[in-house]
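> These protein sequence lines map, in sequence, to chains A and B. Just so we're aligned, residue 1 is where the first sequence starts under my numbering, counting upward by one. Just so we're aligned, residue 1 is where the second sequence starts under my numbering, counting upward by one.
Rather than coming from a laboratory, the hints here were simulated on the basis of the structure. Don't be surprised by glycine CBs; every beta carbon is placed ideally from N, CA and C. Honestly, I wouldn't trust all of these hints.
[Stated by the list, open to error] Partial selection, computed: residues in chain B whose CB lies under 8 Å from chain A: (1) Q277; (2) A281; (3) V352; (4) A387.
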Amino acid sequence: MPFSTTAPVPCIRLRGLRTEFPIPGRRGETTRVLHDIDLEIPEGRLTAVVGPSGSGKSTLLLCTAGLERATAGSVEILGTDVRSLSPRKQAAFRSENIGFVFQEYNLVSSLTVEDNIALPARLAGRRVPRARVEDAMARLGIAKHARRRPDRLSGGERQRVAVARVVANQPRIVFADEPTGALDLKSGHVVLDWLQALPAQGSTVLMVTHDPHAAARADQVVVMGSGRVHAVIPGGDSHAVGDAVLAAQSADEAGGEES
Amino acid sequence: MIRLVLSDIRLQASMWWWTLLCATVGAACSAGSAIAMFTAVSAARAAGDARMVSASIALGGNIVFFTVLAAVGIVASAVGLTLTTQRREHALWVILGIPRHRVRSILRTEMVVLGAVAGALAAPLALLVAGVTLAQWKGTGLELHGASVGFRFWYVGASVLFGLVPCLLGGWGVTRRAARTPEMRAFRDYSDPPARPGVARAGLALCLLAGVVGMWVPGLGLELKGGLAQRTAFAFAGNLFLVCLLLLMGPWVLTPLMKLWTALVPSRGVAWHLAVQSCRARATRSVTTVLPFALSLSFVGLFMVMGKAMPGGSAGLDNILVVLGWVFVVSWVGGLAVIALVGRERARDSAVVTVAGARPGVVTRSMVYEGAIYAGTAIVFGALFVAVSSLTIALGARIDVVRVLAGLPWATLGALAAGTLVTTCLALVLQAARVSRTVAVRALRP
């Protein structure tokens, strides 16, 4: 049975998503990272994916975004089966509809802050109005860094530029992989505030995190363990999220001992 | 310490490989030229030809000097880029309690190890270079009295010495800077502040400027006893000083030149925009890449102009290659090494662009444009320098500048420019092919 959310319209629909990676040094042998995952992510919500290290949460996000190749299954985003698209169409789809915020290395090091913010639109062959870029920079408090390159910014400022890029380009879906993983508490809160505010702008946010407090700010939380979805719980309670992660980890360990 | 040195070299082998290649090629070309010179001198001495002895020393000495100079330059660039990519590790050493002077010693010992290995590897190649050099000299009409290259044990020593010298000279300042970089600046991957000419560079630049003025004044403005030939020689020497001055001040000459001509290109394509921004943002890297090609093109141009202007003179490509052939080999290998060494940085930027939705081909196109920008800058620099050389040497020789320009072998110069363009673009196409095989997201993981 697919895990689904309370909202009626799924924005992302995963069916039987399976991913296997070759084991380095062992010719022909693979390890399964995702086990036939069925999942539906609602539109216009912030969904967090949590789980212990190695549970496959980042792989799930990257396969959904089309950045990692799944072995089997289907990924439907906004009604389009993205796995069936050619690389050119996938790229076009990404630049039109998807924004990313990673833990690090979000920015093109040779471009200035404002150029980085305008990049997705340029790649899609259109221009983001300058006012919108300036507005996004002002809202995230990085306007004074507009002409700077990323190597002149702190980690928190770089992450805010990544969020400003999403705010200015208004993609329909935002994938965030450990967006606060390398930040101090205050910078982390700023980034989370903005990710939480994006659904009001019409974006769907899928965020991977290992932090129960960050996950609790989501509308719903997908708890993963050993490449499987253990539970989908509502957000709001960091203790409940933490307990769910520990339960998933215990279940994994028990399963590991049995096998 | 030696264990740390060896394990560090082993760990960073893929990066050090390019320094080793540069040092090996530099050692082979320098040692080979020196072997050819000593072989020619011995043969001339045995034949009692004193004129040939001094001619061999003058020609061979010049070749060895310029080749070693080029090798020092490219090894310094390769070591600089390699150490930049390792600066987090070096910062970690300092944080863990290794004193800065020990870090510097470790890095310099690594230079010695690399230089010795490069020298040993270069020994058989040096024999080949010596053979080719003697054949070139014979081809220009020098009487070598049957001089031929056979193996002697001191050749290996010479080769190792020529491997060590560029590594130590080229690596000395770079390792000092690497060991002095504040650890948190390195750890946070902050770029170094924009370079300013240091005291040594400024002093040398002033000396070269004095050389330019000192040669141009008699060459262009005075009546000399030696007549037009002497005036032309002075003008030529002034240009020689000028090209050395311009290349010494490369960051403040080539970077504005690159910005200027790329700003004139009316393209609004995203691939071109990425390429231009990449070249501008990494000014030091760009200058390092452009420098060897600019050096080759401007030297060839200068010698060709001189050959055309001197009464009865001729300077075909063959003649130029006799003096500067090995310098060009060393410089071009250096240029390619620099392109390869910044691959990791490019891979990460390319991954971000790909993830942001770049269509297939955008990243490759932007990298090819980057190669074209490097080559274009070298070509524009070479062309401007040919124009200046033609003007000054024509003034010295009191001939019409149009006649000098019209007489230049433009086909050869064009072929050299095309060769530069193809080389840099091809090197970046190969890198683009490697980048395209990397799954973007893996390049973005910390």
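> If a hint holds in the structure, say so; if it doesn't, say that too.
How the hints compare with the structure:
Because the closest C-beta pair between B/Q277 and chain A is about 5 Å apart, less than 8 Å, the hint holds. For B/A281, the interface hint holds, since its Cβ comes within 8 Å of a Cβ in chain A; the closest pair sits about 4 Å apart. Hint on B/V352 holds. Least Cβ distance to chain A is approximately 5 Å, under the 8 Å limit. Given hint, B/A387 at the interface with chain A, is violated; its Cβ is 31 Å from that chain's nearest Cβ, farther than 8 Å.
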